[in-house]
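Asks: Below are the chains, spelled out letter by letter.
Protein chains: 2
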Amino acid sequence: MTRGISDERSLVKLLWNRGFAVMRAPASGSSTKMARPDIIAGNSNRNLQYAIEVKTTHDEVLYIARESINQLVEFAERFGCQPIVALKFKSRLKSWIFIQPQQLMITPAQNYKTTCPEAQRIGIDFKTLIGEGKQLKLVP
Amino acid sequence: MTRGISDERSLVKLLWNRGFAVMRAPASGSSTKMARPDIIAGNSNRNLQYAIEVKTTHDEVLYIARESINQLVEFAERFGCQPIVALKFKSRLKSWIFIQPQQLMITPAQNYKTTCPEAQRIGIDFKTLIGEGKQLKLVP
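Chains as they are written, first to last, in the numbering used here: chain A, 2 to 141; chain B, 2 to 141.
Simulated from the structure, these hints should not be mistaken for lab results. Heads up, a few of these hints could be off.
Simulated pairs of lysine-lysine, PhoX-like, Cα-Cα distance not exceeding 25 angstroms [what the hints assert, rightly or not]:
1) B:Lys128 with B:Lys114
2) A:Lys34 with B:Lys14
3) A:Lys128 with B:Lys34
4) B:Lys95 with B:Lys128
5) B:Lys14 with A:Lys14
6) A:Lys14 with A:Lys91
7) B:Lys14 with B:Lys91
8) B:Lys128 with A:Lys34
9) B:Lys91 with B:Lys114
Footprint (simulated), chain A over chain B, 3 or more residues, beta carbon under 8 angstroms [unchecked claim]:
10) 44-58
11) 69-81
Think of the CB as a built atom: it goes at the ideal place given N, C-alpha and C, for glycine as much as any other residue.
With the rest of the complex left out, here is chain A (with noise of 0.2 angstroms):
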């Protein structure tokens, strides 16, 4: 449930090479109180552009605070690109999976979250974000 900065260079690497163009966040919490994603990938030739939220955890059950995931979706409003969560299950899984904000489950905080076998079941993995995949189950 950290920002996992390795993780997430590694994520914007993946993108890159596919073709996207990718910009991260700066690593320290903007003096500003405008939303913000961790990242923001765009690839014209696919008609595809993301703000994507990252979290990973070596836990089961992954939380996230609702400000993360209302910023994430302001953010995805205003600048008209989809917002996506890139989930990391480290001691569990070696790839991501994605999801969308609508996806998590609500805690009785009224944050979010969700668990390893529920994102595998309702994710995508990178080469369907990416437009490569068999079928693409995000939904407008």
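Assemble the complex: chain A is given as a structure, and chain B must be docked to it using the hints.
Replies: Same frame as chain A, now just chain B:
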């Protein structure tokens, strides 16, 4: 001809306050060789998305390294947005001028430059950039 971090922050705030989602690139140079602009900004309501290179100077002539412009254009082409150079001639004008990369002059050493009068002649102002001006000089 510096990046002008405080000027850049003020431009980010201007864009945010007009409904844009905005992300600044990390301050330090990335260790990777990925192209990137200083700012990326999008406004879904106005269907506008820009990759922005920010340049400020106290001089009359503003020089920009070839590599900065090449990166700006490459990023914008990959991402699928419009490349824009945001200029501030601090000794002469308080306001920003925005021009397209191909409107820059080429120096003998194959870098880029423009001047305050030239930028005023060919550029657009902030209101036009954000789609509120009377006419949009930008050509696709």
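Asks: Now tell me, hint by hint, if it's right for this structure.
Replies: Hints and how they fare:
no.: 1; hint: B:Lys128 with B:Lys114; result: holds (24 angstroms)
no.: 2; hint: A:Lys34 with B:Lys14; result: holds (10 angstroms)
no.: 3; hint: A:Lys128 with B:Lys34; result: holds (23 angstroms)
no.: 4; hint: B:Lys95 with B:Lys128; result: holds (14 angstroms)
no.: 5; hint: B:Lys14 with A:Lys14; result: violated (29 angstroms)
no.: 6; hint: A:Lys14 with A:Lys91; result: holds (18 angstroms)
no.: 7; hint: B:Lys14 with B:Lys91; result: holds (18 angstroms)
no.: 8; hint: B:Lys128 with A:Lys34; result: holds (23 angstroms)
no.: 9; hint: B:Lys91 with B:Lys114; result: holds (16 angstroms)
no.: 10; hint: 44-58; result: holds (count 5)
no.: 11; hint: 69-81; result: holds (count 7)
Consistency with the previously given hints fails for number 5 only.
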